[in-house]
Amino acid sequence: MKKITLECFLNEEPVSLEIDENARLLDVIRDVAGLTGTKEGCGVGECGACTVIVDGETVDSCIVLAASMQGKHITTVEGLSKNGELDPIQQAVLDHHALQCGFCTPGFLMSAKALLDKKPDPTRDEIKMAIAGNLCRCTGYQQLVEAFEDAAKEYQKR
Amino acid sequence: MPLLGELNKNYKVINRSVPRIDGVDKVSGRAHYAADLKFVDMVYGGCLRSGHSHAKVTKIDTSKAKAMPGVLAVVTAADMPKPKSCAGPAAYMYLTDEVKYAGDVVALVCAETKLIVEEALRAIEVEYEDLPGVYTIREAMEPGAPVVHENYPGNKFKDSYFPIRKGDVEKGFEEADLIIEREYETQYIEHSYIEPEAVVCIQNPTDGVMTVHASAQNPFFTRRYIADVLGVGMNEVRVFQENVGGTFGGKEEGLGMLAARCAYLCKLVGRPVKMTFSREESFLESAKRHPFLLHYKVGVKKDGHIVAWEGSQIDNCGAYNNQTQFMNSRASIHSCGAYTIPNVKTDTFGVFTNNIHGGAMRGYSSPQLIWGQEQLIEEIAEELGMDPLEFRRINCLKEDTTNATGQVMHHVILPEIMEYTAKKTDYQRKHEEYKHQTNKHKRKGIGMSIAHRGCGLGAESPDASGAMAIANEDGTVLINTGLAENGQGLKTAFSQIAAEAIGIPYELIRFYGTDTQAIADSGMTVASRGTVMGSQSTRKVGYRLNEIMRGNALALGFFKDQEDVHDVSQIVLEDGFFHTTSKPDVKVPFKDVCNASLWTGRQMAAYEWFMPPACDQDHHTGQGTAFPTFAYGCCVAEVEVDMDTGYVDVVKVTASHDVGTAINPALVLGQIYGGIVMGQGYAVTEEVEVSKGKVRNQNFENYIIPTAADMPEMDVNIFECDDPAGTFGAKSIGEPATEAVGAAIINAIYNATGRRIRENPANLERVLLGKKLR
Amino acid sequence: MQRLSYLKPQTLEEALGYLNEYGEKVKPYAGGTDLMVQLREHTSKLKDVEYLMDVQYLPELRGIEVKDDCISIGCMTSHTEVNESPVLREHVPFLSIASSTVGSTQVRNKGTVGGNICNASPAADTLSPFVALNARLTVVSVDGTREVLVKEAMEKAGKLKFAPNEMATRITIDRLDGWHTAFIKLGRRKALAISRMNCAVALKLEDGVIADARIAPGCVFATPDRVEKAEELVKGQKPSAELFEKAGLAVSEEMIARTGIRWSTEYKKPVIEALIQRALCRAAGLPED
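Chains as they are written, first to last, in my numbering: chain A, 1 to 158; chain B, 159 to 932; chain C, 933 to 1221.
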């Protein structure tokens, strides 16, 4: 298949990637850019394991055509920690034991990040709705919600 | 009535919520799962599934697929030396031309890219001759029904038959003032782990060893399939367990089948091969929670004592056997619920159908049984005009009573847990009040369920395990065991247990994923046995290393200036330091002794095996000791039902569990929260819809699991006790966490609506109409 | 997914040229949230598609414009943008609410109102409010521009009455200033749910009397529509639970008249009646329980 060049920003780094015209953003992130923290759970935009942030908003990268991402700023889980330090959201998930198998975790982190960047003082219901597009089968969500409430306190200080 | 912390257990490392050992890897995105791996020259494999429920392949043409550029191999049953798997009676087929269910695989493809695999699979032309099939339990048992396996006439899976005969049930019915008979039916449930199955195989060209990186729940179990399909010794197969993205019982046989096919292709094409399931394939081939048809007849006295309990518990095995016999053993042992009843007669068995197979799924029959039994208990109480809590009080298991197998029960804190939960939720008052609601549109309901669960494998199969501990010269320690991390936190709990036993801080321990060439098979990580029994060998090896290192400290002269010290019993290792019993303030760091041990050639590693006392049941009556101990739980659910639409809002769930000792309370909480929400899905929204063997919902857009917006308010109460059976007194929690939730919810719905739903789940249509549409 | 070529028109003219040249072989790609799933599932209607045409760069498909008597919404407007738009919240709150119930945050960020309509699923959450708002699609091609009512744009589930060289650019809706609206969706869970049924209603109240009404049930007809019989029934009346119960009955009668008695009617009939009554009560400010 014909390759095209995708020029965009991946975790704030400008990149130029040779991609298939029909490639999904998820495959480009995982297979071309080699960032495997973003997971594929369902392939139909239901489970949210492939959530990444594009220009400040979360998307399910399994249902995004990579070719349409020219010039966009894409953030994956690998872009959360800065200078080796965990983002407060990551730290809160650790502190609250808000993960088990960990497969859905990157997606949840991205949804929480997009929420707290926009709204650092969300209500509990707003948190629940913001992460309702991320399915988790292990945790029952309780410790995740608590973790994001805790992380919000750190975001409010910024 | 000791809640967590009230018993003052005085442990140093366990009983604390230490951070997960794999936590940073998992929040940073660097934790590898099998699908994340990539190797030089790696190619891809895929499966062609029949889509027919019962059929013969009359013609299969692979020529177009084989001719496609980039296709490396196309394999059909005729090409495969050993298409039948090693899975015991009614074994699965790696590849087949006699299709017994829609997920059966009729061809494999290996190609350079995922896209070419997909295109080649679509290019294979297959012709089928459809055969008559059977799909439901009732159909399968009808005289003259089509037979799924020739060696199982009448479709009855006789190897999975387990009777219970306790007392004299006929005499019991004669004594009874009231006899009640009810039938309940449960559905197929998909595990819905978020990581689909994934395997990567690489064969070493020199020694031929097949190395397999897999999302395997049980790496040793997976290895069996690979050795089988390749026809090689198990010592020529190496399975690495990568991080597993959830399993709940689901990455056992199905994963073994995938790994075997992948290994076969890998050997065939001589290059590394990756195979992953799409979500749809996972729905089609992974085992489901067995549907059960439960029929009970119960005799009860006016004073509320149950005097006779008769039942049949029949499960739908699907087309192939997937642990049905082991599951039915457990189902028979728990066939009269958490109650002590003098006369019990139950029969449990499975039937084959042309459906997706049932298999292990969190609970291993208990969510189905409890869902029926705890409704039945409330139905009986209602007939007697008795408060359901009072009725449970009279009949529930208590200290020194006997269960269905006649085992005398000890350390039974069920009555206390039940009373505590009832009081905390104001259960009795609300239950009575809600019965009299007149609101037209929205009604509230509260429901209870109680449960007991045999811990570990018990009489099902051996509950033995082995573990290894290695101290390094810098004072760090590696542990290893055949039990496997499934996401539940096993590595963390086992590291805590090892640290506790060795007498060093948790931070000094590392436990990496299971590698079948590095440790002995310790049985499967199933049955909530990991911590309660599987870690006994880890505890034991920790104690052994502690003893060895104390001996080294003495022999190496670390305490030579203390003249009275001449025996290892005078030396203590705790918190990472050695000291003597007489001078506890003079401390020698663990690492100093480790370093000296290495350079003097002393032993600084150990391996231990643990085998619990045998459990023994009579095969004809089921009577005897079934489990070393039992865990108890009580669940109360509160719902609001939309009487106009049938929508059930699960508002609050209060769950109280006897965990013996909470090795890591935060992990225990996580298990219970997750179990509650999984139980909510089981009771309200989840059902793998199977129509003439075909799975209609194959992805998460129409297989509905709860989201964060749906989770109820959760109140979790962790109880501890002093039961010595499990590791440091721990009991099972993974499965208890979910098994009783559905029953509490369904009872709460009845409390709200006054309509019993005897067919799970209580979805919109069933709640409004009392039946399934279609 | 099939092999596809990617087209990236920078102007509407260029896009219409592609449509004219490739016809059925080209599919406009807006948010992709439905299209990408259908491509993965090899949906038969897409089997001839060879080109995906990315319409994100076309300004004609962007923006929300409030005019004197109507509001014009670009087809590329995402559900999130609809939900967060202050003017839409003010003028057509039930459309904002409906947008907030689509899929998940991720899907609402990418999914567009134009795509939601043009995918032609009768279960699309925004269809009912759009139909209640007499929404018109602006449909363009090299041959010119036409307007078509959303409720008349669907031939059947999954298929629009568009010529192969046509595409939609904007949606125009009535301004219902001062009206009272409500949207209710019944799904199987609180988020990430497909509508089992839904309804959008709007009431114009004058001196305590219903001067005008729009009643649009969702997932009950083969193609979306308002129910004029129900609207006529409430016009000129004072709002009451009893009146709205009758409106619900009128809707269910219309459903049966159009689709016949089906296996699902036993459930859908009482439930759509209840949803209509509840939505009307909510719009009129009456208690729902």
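The hints are simulated quantities; they were obtained by calculation from the structure and are not laboratory data. Keep in mind that the hints are not guaranteed to be accurate.
In silico DSBU-like links for lysine-lysine, alpha-carbon gap of 35 Å or less [said to hold, decoys possible]: (1) B:Lys929 to C:Lys1201; (2) B:Lys588 to C:Lys1122; (3) B:Lys581 to B:Lys600; (4) C:Lys999 to A:Lys72; (5) C:Lys1088 to C:Lys999; (6) A:Lys82 to B:Lys196; (7) B:Lys222 to C:Lys979; (8) B:Lys556 to B:Lys459.
Bear in mind the structure is a predicted one, so any value in this text is a computation, not a measurement.
Taking the hints in turn, this is what the structure says about them:
| no. | hint | verdict |
| --- | --- | --- |
| 1 | B:Lys929 to C:Lys1201 | holds (16 Å) |
| 2 | B:Lys588 to C:Lys1122 | holds (26 Å) |
| 3 | B:Lys581 to B:Lys600 | holds (25 Å) |
| 4 | C:Lys999 to A:Lys72 | holds (32 Å) |
| 5 | C:Lys1088 to C:Lys999 | holds (32 Å) |
| 6 | A:Lys82 to B:Lys196 | holds (26 Å) |
| 7 | B:Lys222 to C:Lys979 | holds (19 Å) |
| 8 | B:Lys556 to B:Lys459 | holds (19 Å) |
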